[in-house]
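Taking the hints into account, I'd like the entire structure generated from these sequences.
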Amino acid sequence: MPGVTPGPAPRTSSSQQVGRLKALASGARALRHGMNAWPPFLFTGVRVEHLGEDFRSVRVRLHHRPWTSNYVGTLFGGSVFAMTDPFWMLMVLRNLGPGYVVWDRAAEIEFVSPGRSSVTATFELTEDVLEELRAAAVDGAKVLRWFETEVVTDDGTVVARVRKQLYVRQKRQETSQA
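At position 130 of the sequence shown (counting the first as 1) the number is 154 in the working numbering, and the numbers step up by one without a gap.
Hints listed in this document are in silico derivations from the structure and should not be mistaken for laboratory results.
Among the clues, some could well be false.
DEER-style ranges, computed between Cβ atoms [said to hold, decoys possible]:
id, residue 1, residue 2, range
1, R89, Q197, 21 to 29 Å
2, R158, A131, 20 to 28 Å
3, D78, R140, 28 to 36 Å
Note that the Cβ used here is the ideal one computed from N, Cα and C, for glycine as well.
In structure tokens form, the structure reads like this:
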């Protein structure tokens with residue numbers, strides 16, 4: 025009907041919705057710019073330098089500045105972790121598509137050496153991993169998979185190793201009963 029706006033989709037236990045503002049950034053370039061203006065990144069010195077058009081590669085940088093340093097002058101550990109937080113979930117969600125539920129489930133960080141300079145984290149999602157997730161999630165099975173990322177200085181020194189566990193499942197098909 026003209027002038028009628030459909031309401032939101034009914035929520036089920038398998039619903040996963042992207043927020044309205046975030047949904048506006050459907051392309052990689054818009055999402056990268058939006059993330060760089062997002063207060064948790066903007067105010068902690070985190071910059072998304074690259075976000076691949078296919079959402080399979082990301083490079084993030086944390087600049088070493090007085091306001092990104094801790095009491096002893098090295099990078100604040102919370103910012104080191106925050107720079108890695110959303111990317112595995114975002115990449116898997118965008119690549120598996122709307123037929124899947126994807127959530128962060130667990131995370132670990134191991135600090136390897138002091139962050140005395142700016143650092144980067146690079147994420148690469150391969151088709152092999154996506155195929156593995158699709159196969160494991162067949163028929164609505166719950167999949168828990170760990171992803172790893174190293175946070176490194178420009179000379180390659182490892183500052184931290186971050187592991188994120190994702191929960192992945194195919195969405196359940198809704199059946200209507202009269």
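Outcome of range test on Cβ distance (R89, Q197; 21 to 29 Å): At 50 Å between Cβs, range violated.
Quick check on a hinted range of 20 to 28 Å for R158 and A131, using CB atoms only. For R158 and A131 the Cβ distance comes to about 23 Å; the hint holds.
Given a hinted range of 28 to 36 Å, is it respected by the beta-carbon distance of D78 and R140? holds, 34 Å
Checked against the numbered hints given earlier, the structure breaks only hint 1 and satisfies all the rest.
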